[in-house]
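Sequences and hints are given; from them, build the entire structure.
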Amino acid sequence: MINAIEIVGINKSYGDTFSLQNISLKVEQGKIFALLGLNGAGKTTLVKLILNLLNPDQGSIKINGIESTDNLSRMGIGFIPEKFSFFNYYTAYGALSFFGKMKGIEPAELHTQILKALKEFNIDELKNKKLKTLSKGQMQRVGLCHLLIGDNQLLILDEPFSGLDPLGMRELKVFLKKQKELGKTIFLNSHVLSEMELICDEIAIIHKGILIVNTAVSDVLINYKNLEDFFAEKVTNIGRIE
Amino acid sequence: MRATQYKTMILDTINKEIRSKMLLFIFIFSTLIILFSNGLVKMFFSSMNVGTNSPGNSGPLLLSMMFGFLNFWSVIISTIFGVNSIRSDFTQNIIYQYLAMPIKRSDYYFSRLIGTWIIVYTFYLYAYLASLILFSMATSSWVAHSGHLLSAIMMGLFIFLCILFSTLYSFFGNRMGALLLVGTSWLLITLSNSTFRDLPVKEYFVNFSLPRLLGMIIYTLLPRLGNISELANSFLFQKEITMNLWIEFSHLIITTSFLLWAGSYFIKKKDF
Numbered sequence: 001m002i003n004a005i006e007i008v009g010i011n012k013s014y015g016d017t018f019s020l021q022n023i024s025l026k027v028e029q030g031k032i033f034a035l036l037g038l039n040g041a042g043k044t045t046l047v048k049l050i051l052n053l054l055n056p057d058q059g060s061i062k063i064n065g066i067e068s069t070d071n072l073s074r075m076g077i078g079f080i081p082e083k084f085s086f087f088n089y090y091t092a093y094g095a096l097s098f099f100g101k102m103k104g105i106e107p108a109e110l111h112t113q114i115l116k117a118l119k120e121f122n123i124d125e126l127k128n129k130k131l132k133t134l135s136k137g138q139m140q141r142v143g144l145c146h147l148l149i150g151d152n153q154l155l156i157l158d159e160p161f162s163g164l165d166p167l168g169m170r171e172l173k174v175f176l177k178k179q180k181e182l183g184k185t186i187f188l189n190s191h192v193l194s195e196m197e198l199i200c201d202e203i204a205i206i207h208k209g210i211l212i213v214n215t216a217v218s219d220v221l222i223n224y225k226n227l228e229d230f231f232a233e234k235v236t237n238i239g240r241i242e
Numbered sequence: 243m244r245a246t247q248y249k250t251m252i253l254d255t256i257n258k259e260i261r262s263k264m265l266l267f268i269f270i271f272s273t274l275i276i277l278f279s280n281g282l283v284k285m286f287f288s289s290m291n292v293g294t295n296s297p298g299n300s301g302p303l304l305l306s307m308m309f310g311f312l313n314f315w316s317v318i319i320s321t322i323f324g325v326n327s328i329r330s331d332f333t334q335n336i337i338y339q340y341l342a343m344p345i346k347r348s349d350y351y352f353s354r355l356i357g358t359w360i361i362v363y364t365f366y367l368y369a370y371l372a373s374l375i376l377f378s379m380a381t382s383s384w385v386a387h388s389g390h391l392l393s394a395i396m397m398g399l400f401i402f403l404c405i406l407f408s409t410l411y412s413f414f415g416n417r418m419g420a421l422l423l424v425g426t427s428w429l430l431i432t433l434s435n436s437t438f439r440d441l442p443v444k445e446y447f448v449n450f451s452l453p454r455l456l457g458m459i460i461y462t463l464l465p466r467l468g469n470i471s472e473l474a475n476s477f478l479f480q481k482e483i484t485m486n487l488w489i490e491f492s493h494l495i496i497t498t499s500f501l502l503w504a505g506s507y508f509i510k511k512k513d514f
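Same order as they appear, the protein sequences are chains A and B. With this note's numbering applied, the first sequence corresponds to residues 1 to 242, in that order. With this note's numbering applied, the second sequence corresponds to residues 243 to 514, in that order.
If you're looking for bench data, these hints aren't it; they were derived computationally from the structure. Be aware that a few hints might be false.
[What the hints assert, rightly or not] As a list, the in silico DSS-like pairs of lysine-lysine whose alpha-carbon atoms are at most 30 Å apart:
1) B:Lys346 with A:Lys83
2) A:Lys132 with B:Lys346
3) A:Lys83 with B:Lys249
4) A:Lys136 with A:Lys177
5) B:Lys511 with A:Lys26
6) B:Lys481 with A:Lys132
7) B:Lys263 with A:Lys208
8) B:Lys511 with A:Lys83
9) A:Lys130 with A:Lys119
10) B:Lys249 with A:Lys31
11) B:Lys510 with A:Lys83
12) B:Lys249 with A:Lys208
13) B:Lys249 with A:Lys129
14) B:Lys346 with A:Lys130
15) A:Lys136 with A:Lys83
16) B:Lys512 with A:Lys26
17) B:Lys346 with A:Lys26
18) A:Lys26 with A:Lys177
19) A:Lys136 with A:Lys31
20) B:Lys284 with A:Lys83
21) A:Lys132 with B:Lys249
22) A:Lys127 with B:Lys511
23) A:Lys62 with B:Lys346
[To be verified] A short, non-exhaustive set of chain A residues, derived as facing chain B with CB atoms under 7 Å:
24) Asn71
25) Arg74
26) Ser85
27) Ile199
Even for Gly, the Cβ is constructed at its ideal location relative to N, Cα and C.
Rendered as structure tokens:
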């Protein structure tokens with residue numbers, strides 16, 4: 001079976017400073033995977049490398065078997081950054097339409113997909129509203145709708161819980177679980193360990209650019225009360241060794 | 243799918259630029275300048291009593307001044323819009339949204355370039371036609387001829403090259419830095435053009451010095467913007483063309499292709 005993401009020996013440095021060192025990682029299809037780490041650990045750098053926004057110094061990344069340098073590898077990726085933003089003169093419908101066109105979706109099919117996505121997040125009444133008139137939460141919902149445009153088999157969400165109210169968080173968890181049931185792979189980059197524990201199948205911890213753990217959440221919970229204790233111990237231990 | 247991506251990105255660029263306050267300012271300012279110049283032309287012709295059916299001897303000079311201003315103005319506009327074309331995607335943190343889609347970086351770059359060119363060139367054509375019509379009305383004679391069309395085509399090329407230079411510089415530094423770099427390049431290209439244009443190749447190395455070498459490199463490796471502008475003027479005023487068009491166009495195609503390749507290479511290698 002082809003892995004949704006396969007990272008082999010990735011190194012990335014900025015000048016003399018290593019941002020990521022020899023990272024190798026596999027994310028199986030149909031799983032919810034979380035990348036954890038402290039601020040500045042290299043999580044966003046890794047996400048950017050997966051999306052080919054950064055060029056690695058060494059190593060390779062494959063998305064569903066296709067090299068990440070090939071633009072077709074992003075055909076099946078839905079990505080939402082921590083703060084979704086787009087040119088604010090677009091309407092919600094217009095922005096989603098733009099993303100759909102860039103994926104080569106036929107107009108009639110695209111129209112259906114957009115209406116379905118807006119309904120999924122209960123923002124169908126915002127369809128014709130300009131993005132500049134939307135609240136932060138509504139804007140984030142438009143971003144989430146974007147994940148449903150096209151046949152995205154891999155969803156990458158950077159800090160998806162940040163800035164969401166409790167209801168928004170609940171809605172997002174339901175959405176992610178539903179996407180998993182549909183066989184999609186979800187790659188999360190998050191700080192909210194309590195939420196990750198509830199929805200993830202696998203986690204990886206990056207600390208100072210080095211991958212220190214890659215394991216199943218179920219295995220972690222055999223020996224630890226929760227993911228937070230596990231995370232704290234691993235990161236602290238590395239700190240002591242150093 | 244690639245054609246759809248290009249179309250979508252070009253329309254997105256036009257949508258972005260057309261809302262620019264700068265464009266509105268430029269549009270109003272240019273219209274005012276054209277109307278003002280038209281008023282001056284009218285005043286000139288009536289006070290000099292040159293006649294109503296012919297632009298007279300001063301007509302070509304006034305027309306030349308008007309189009310000279312228009313060409314200079316189009317360089318400024320091309321530079322501002324060229325620098326802003328891709329930079330605004332960085333500054334608004336939207337570049338990730340674009341490049342996370344299944345589009346080649348070079349396609350993203352070229353479509354932004356084409357979209358910006360369409361906006362600037364449309365503006366140029368508007369100003370050109372407005373000037374032409376108003377000038378014809380002021381002098382009570384239709385001054386347009388086939389050379390105007392060729393001149394406008396040459397200016398289209400000229401504007402494209404200005405935008406291309408500006409987008410290239412916008413990769414390396416902030417907006418002001420890029421504008422300064424474009425300005426410096428202009429100066430160097432103009433100097434090298436005027437130094438080497440009428441010089442036989444064997445005389446390139448006479449009085450050889452480092453600045454002369456730099457000028458020679460610029461003249462050989464970069465598009466000769468001065469020559470394109472001169473060609474546009476020659477068509478406009480139906481002057482005799484002294485340069486070898488085959489050589490000039492071959493040089494233009496090769497050097498422009500090189501710059502397009504360089505832009506595509508830089509954007510491919512850039513970290514976002």
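Exercise. What are the numbers of the hints that this structure violates, sorted from low to high?
Worked result: 6, 7, 10, 12, 20, 22 and 27
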